[in-house]
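A.B. asks: Listed below are the residues making up each chain.
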Amino acid sequence: MTPFEGCPGSRMMQFRSSVENKMEGSAEKIRSQLAQWPIQMHLINPAAPYYQGADVLLTADCVAYALGDFHREYLKGKSLAIACPKLDEGQSVYLEKIRAWFEDSKINTLTVLIMEVPCCMGLLQLARQAAEASKRKVPIKYVVVGVQGDVLKEEWAAA
Amino acid sequence: MDTYLNTGIKEIITEFPEVETILNDYDIGCGPCSVGICLLKDIVSIHQLSVEQEKELMERIAAAVDPGKEHPVPKTRKWSSPAPPKTRRYSPPLQKLVDEHVLIKRWIALIPEFVDALDLESEQGKKRILDGIDMIRSYADKYHHAKEEEILFKYFDETADILKVMHEDHTRARSLVKAMQKALAENDKKTLSESLTAYRELLAEHIRKEDEILYPWMDSQLTDRQVGELFARFARVDQESGIAPETYEGFVRQLEAAFQ
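If you read the protein sequences in the order shown, they are chains A and B.
Position one of the first sequence corresponds to residue 650 (the working numbering), numbered consecutively onward.
Position one of the second sequence corresponds to residue 352 (the working numbering), numbered consecutively onward.
So here's chain A without its partners, still in its complex pose (with noise of 0.2 Å):
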């Protein structure tokens, strides 16, 4: 049996100790792929011009470090907000949100990024009640991000 090495988002490690600072592939400088603010759940207004139709992100906090290429491959063309499922306060905020991109702002597609660790399926789990909670159903996607940076899973969840 394995002993109690408790929460495993909060677990220790430290890996990458021979590559931490090489640079891999193109010296050219990356251009960021944010093309809005605010980007915090509790900031965002659901029904801003940038949500309407759109292919919306919604992503967990710690996503966008761990994700090396999380500009050019998942934020681009997209519209975004962050949220920490495992430490933000008055989540319900964030479902009612959820909601509105789906009915009001008529979104095209969403799709949530999370990272491996247990806590943060509770963001899927919050897209997923919204969804639920909404008479128009709308393509979720998600994506499980690793801590050391690959994508473990992608794929469709039902609409």
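If you are wondering where the hints come from, they were derived from the structure by calculation, not from laboratory data.
Every value quoted in this text rests on a predicted model; they were computed, and no experiment measured them.
Keep in mind that a hint or two might mislead.
Label pairs and their calculated CB-CB ranges [as the list claims (entries may be wrong)]:
# : chain 1 : residue 1 : chain 2 : residue 2 : range
1 : A       : Trp-686   : B       : Gln-572   : 28 to 36 Å
2 : A       : Gly-658   : B       : Arg-440   : 21 to 29 Å
3 : A       : Pro-657   : B       : Gly-419   : 55 to 63 Å
All C-beta atoms, glycine included, are put in the ideal place defined by N, C-alpha and C.
We have chain A already, so just place chain B on it with the hints.
C.D. replies: Below, chain B alone, put in the same frame as chain A:
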């Protein structure tokens, strides 16, 4: 070997029958295909094999078509493409089409018993046949195939061989329905039976090709933007078609109960 990459698979299998067995080993079932005009390079590319499997397959085919010679393994387009997704699940709009296939498959599974029980004499018997033909015309064709032809296929190059094959299957299915209607009007039980049986064989293979090959490939090509658009457009067709899938679900359920 490069010449064969741009040759239709039926032609290759006719000339080198061993190629059919080789393809079968990789779950590529082109042998029984009624059309067979897809190019070898497209067939290999569309099945999304791993790089190792694709290399091995091409080596075996090269050895079969040009035995005793050493030649570099030709590359298909796939080799410069990103790796296939880690998990295979259909996007919501394509899942909808797969779900619609389920009812069609339940109906065509009943066709042998339906044919055995054909009754062109009584009004009740004729009504059952008309309902069966209506299931094909309204649900399988108007409700389902129309979503493919008028919406989904437009997102892709419709001159691609795989889509030409799908269009040809739809056209052949429509001509079989016409033959069924004519046979019913002329009380021609033999032609009606043959047309229904031919329809069953055609659709079973057609659905297998879509579920296992075409849709996974399409999903790998569609952007999130396109997935959302397709989902909304399919929902609109469902609303506006005036076709109630429950009616056809009821028809199939009644037949299942009758033939059990």
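A.B. asks: Output the indices of the hints that this structure fails to meet, ascending.
C.D. replies: Every hint satisfied by this model.
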